[in-house]
Amino acid sequence: MSGETATGEGPTEALDRARSLLLRYRVPVGLVLVVLLLRPVISHPLLLGYEAVAATILIWMVFVAAFNLLFGYAGLLSFGHAMFLGFGMYAAAIGVSGRAGAPELPFPVAAAVGIAVAATVGYLLGRLTVEKGEIYFAFLTLAVAQAVEFTANRNPLNLTGGSNGVTQNVLPGFVESTRGQLVVVFTGLEIDWYWFVSAVFLVAMLALWQIVRSPFGRSLVAIRENGDLARAMGINTTRYKVQAFTISAAFSALAGSVLMIDRYGASQETLSVITSGDTVLMAVLGGVRYFFGPVAGVFVWQFTEEFLNEFEVLHLGFTSVDLSGVLTHWQFFLGALFVVLVVVAPLEGIWGYLRDWVRDLYVRVKGVAE
Amino acid sequence: MSDTADAATGTADDGEPTDAGREADTMPSPDPAVDPTTAALATDGLRRTFGEVTAVDRVSLGVERGELRAIIGPNGAGKTTLFNTIMGTLPPTDGRVFLDGQDVTERDEHERPHLGLARSFQSNELFEEQTVLENVRVVVQTSRRGAFSFDLFRDHRSVGRERALELLDTVGLDALPSTLAKNLSHGDQRRLGIAMALATDPEVLLLDEPTSGMSPGATTATANLIEEIRDELGLTVVLIEHDMDVVLSISDRISVLNRGSLIATGPPEEIQANDAVQDAYLGGMREEL
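Protein chains in written order, with numbering that gives the first Met the number 0: chain A, 0 to 369; chain B, 0 to 288.
Calculated directly from the structure, the hints in this document are not laboratory data.
There's no promise every hint is true.
Unchecked claim - DEER-style ranges, computed between Cβ atoms:
| hint | chain 1 | residue 1 | chain 2 | residue 2 | range |
| --- | --- | --- | --- | --- | --- |
| 1 | A | PHE138 | B | GLN271 | 55 to 65 Å |
| 2 | A | LEU20 | B | ASN74 | 29 to 39 Å |
| 3 | B | THR130 | A | GLU268 | 39 to 49 Å |
| 4 | A | VAL40 | B | GLU161 | 42 to 52 Å |
| 5 | B | PRO73 | A | ASP227 | 22 to 32 Å |
| 6 | A | ILE134 | B | GLU51 | 23 to 33 Å |
| 7 | A | ALA335 | B | ASN223 | 50 to 60 Å |
| 8 | B | PHE49 | A | ILE134 | 20 to 30 Å |
| 9 | B | ASN74 | A | VAL364 | 49 to 59 Å |
| 10 | B | PHE152 | A | ALA13 | 24 to 34 Å |
The structure displayed is predicted, hence computed values, not measured ones.
No residue lacks a Cβ here, since even glycine has one placed at the ideal position from N, Cα and C.
Looking at chain A on its own, in the form it has when it is part of the complex (with noise of 0.2 Å):
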């Protein structure tokens, strides 16, 4: 490499160079890109005025990108992923907070404890459930994730607060908060929630990255596309499908322990069947086949709820317009959207569409150029 750059290489090359590099990276360079970007945009006075759900947004991108690993890449539909998401809020909440004489933890450690449970109930029902076909598949993760619901909701041992949650006490040391502003404190110095949960995001959105581009995430792919003729052509179908649902609720829970911070606890409506719908709605409306796609259908989704929510009166300097009656349910608009998108290309969605949409641009203005 560098004795084709001593014997002179014209810029051309070095562009392409450069060019391919980026391509290679377009994934890393894309997620700090999100993280630099995220915040400023939505705080902008015309879209939402304020930042406090910038760090919400990343901490769900990281949950429906795994949740998407499943889907998306190894063709799983789990209609119960919101227990995972739970398991690692509730086992955080929980240990964080020592209630009803369960030991008090350090934040990474009842972490770590829900990321083990989560990823000890993805195997165990992974080797019950993957081999079932689609449908059952669909359904008994869905079973699955009700009886978690019912069990949190019964407050075994007085350790989940039944409908309550668990919401006294769950802050761990190093986040404080004031004036409704979480703030790390680490070694003396104080640090933005936001950049501890971007730090978090990064890490997490590599490893998934790269679990999506290494040998392993292919078999995933291969999987998908045709499960008879990657056995016959010897994958171990059933064993790659238990490790990517074993993978996927490892790092839904990890999500779940920081969304609990994010949160001020764990609540109960977080396990029902509504997240685990929003879950494969958000997922889908992004682009299932795309490593970003869950980035952007969480994005979309998000700030339109709280847009929406948000919004009140419509100025248009003549008159005004009060919209806060209709735009609280804004559901109805995002779903208009969602089965807009299912209709046109299902597995393409926002992000598939932004794709085709700059590489038409790119032409066009390459063609100009030229």
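Using the hints, position chain B against chain A.
Leaving out everything else, chain B in the frame of chain A:
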């Protein structure tokens, strides 16, 4: 496993006398020449039923190392079911499958490619949304890393790419590595299927109608490719084929299947001259023969 012990006691690995063994004694096998313990691929009394229907009926087949064997028979004779039973796609109702003298009947389908047994499909089974190169590369990867591998830290492009390109060259798809598999022509898709089967690094290759739907020119090219695979790669090839020109020109021996039963096995000229085959089973194919 020990050949002498088996020969002496006449029992299978697990020590129980097998029904298949006894049936083979009472009923002369139409393919008696090959001993299952020395053949590259052998079946012993292989049977597969679907409810009341017997699709494969006590087929005992022995294919020698390096042989190119064609399996012919009318539609519905059970040829593809025989392949599916040999590959483990369908578990046999009865009977055994031997690969290189080893009983593989109980092995999972996904294990067989790693034991040296691979197949192509009658319909074009592909990873359709993936590129031609990736279709082959993922099989090379599987062949090298095993049926399951936690290979999480590498870039997939660094595993098996060169070998996959070589195989595309072998089957004549080297000009199309980045085409999506679904966009290939029918004939190219069939060739891609052969490349994927070869990517498992097999010793015995089962090809299910490799020339179906091909133009005469492409059929000849594929027939040459199959001979090349046998001669240059030294593989044992079992071929289901309807094109009698291909069958007669390239196969060493032909097995005739009818209503699930093997009714004759022999070199092409012997099968052509076989009255039983002519009269009872090949009806419509007589002119072609």
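Hints, one by one, checked against the model:
With their beta carbons about 57 Å apart, PHE138(A) and GLN271(B) fall inside the hinted range of 55 to 65 Å. Distance hint for LEU20(A) and ASN74(B): a CB-CB separation of about 55 Å, inconsistent with the stated range 29 to 39 Å. Our hint of 39 to 49 Å for THR130(B) and GLU268(A) holds, since their Cβ atoms are close to 44 Å apart. The hinted range of 42 to 52 Å is satisfied by VAL40(A) and GLU161(B), whose Cβ atoms lie roughly 44 Å apart.
Look at PRO73(B) against ASP227(A): about 26 Å separates their beta carbons, and that is inside 22 to 32 Å. Taken as a hint, the range 23 to 33 Å holds for the pair ILE134(A) and GLU51(B), whose Cβ atoms sit roughly 29 Å apart. Separated by about 58 Å at the C-beta atoms, ALA335(A) and ASN223(B) satisfy the suggested range of 50 to 60 Å. Separation of PHE49(B) from ILE134(A) is about 24 Å and conforms to the stated range, judged on CB atoms against 20 to 30 Å.
At roughly 56 Å, the beta carbons of ASN74(B) and VAL364(A) sit within the given window of 49 to 59 Å. A C-beta distance of roughly 30 Å is found between PHE152(B) and ALA13(A), which places it inside the suggested range of 24 to 34 Å.
The structure is inconsistent with hint 2 alone, although it conforms to all the rest.
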